Amino acid sequence: NAGVTQTPKFRVLKTGQSMTLLCAQDMNHEYMYWYRQDPGMGLRLIHYSVGEGTTAKGEVPDGYNVSRLKKQNFLLGLESAAPSQTSVYFCASSYRGRIGYTFGSGTRLTVV
Amino acid sequence: AQRVTQPEKLLSVFKGAPVELKCNYSYSGSPELFWYVQYSRQRLQLLLRHISRESIKGFTADLNKGETSFHLKKPFAQEEDSAMYYCALSGPASGSRLTFGEGTQLTVNP
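Chains E and Z supply the protein sequences, listed in that same order. This note's numbering puts the first residue of the first sequence at 1, with every later residue one more than the last. This note's numbering puts the first residue of the second sequence at 1, with every later residue one more than the last.
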């Protein structure tokens, strides 16, 4: 049982480059989330999804796009990376959010 | 708007000493409160949720609605408790979304 898997684990991008972070869960959870973790700021919600084909903006959505074409996958895209997007990105999933999240191991992204 | 505040960014105690990590929240209604723990460079794990009223790894947390607090306590800290701790809140007004505090880095010294 893999739980929540994020790929890649590390990535260095140049300013202006694009990339997609993949989150996959095998727990049949309806809800999935993307957070970014920055020192002194905790975790901030970027985008989330409450079901296949649906997405919504979180607290800090600018510069990111997401897609949930399949229930088990939630993709986070950066169309034109900026140094301010240097962060650790965590994906999480939940069964309707009421009993706690299951987190992935994170993606450490550096934009130079 | 809902908000979670963890006033201490860093907390250092000696092994065997009591530890309390503070968490205050603002929310209109009945929230669900959680504590998550992140050991060095690992994923976040659910430690406690207030509705379970459980004790995990010796930690307990009581929801005080009058003081809007959900402090995490352990009577005797261990070195393996060193980690980043996040308090989080969810409630009907926010759907399933968790709002996290800024986190407290706990260091337990030998």
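Rather than coming from a laboratory, the hints here were simulated on the basis of the structure. All values derive from a computational prediction rather than experimental measurement. There may be inaccurate statements among the hints.
Sample of chain E residues at the chain Z side, in silico, Cβ under 8 Å [said to hold, decoys possible]:
hint	residue
1	Leu43
2	Val50
3	Tyr64
4	Gly100
5	Gly104
6	Gly106
7	Leu109
Even for Gly, the Cβ is constructed at its ideal location relative to N, Cα and C.
Would you list, in rising numerical order, the hints stated earlier that this structure does not obey?
As far as the earlier hints go, 3, 7 are violated by this structure, in ascending order.
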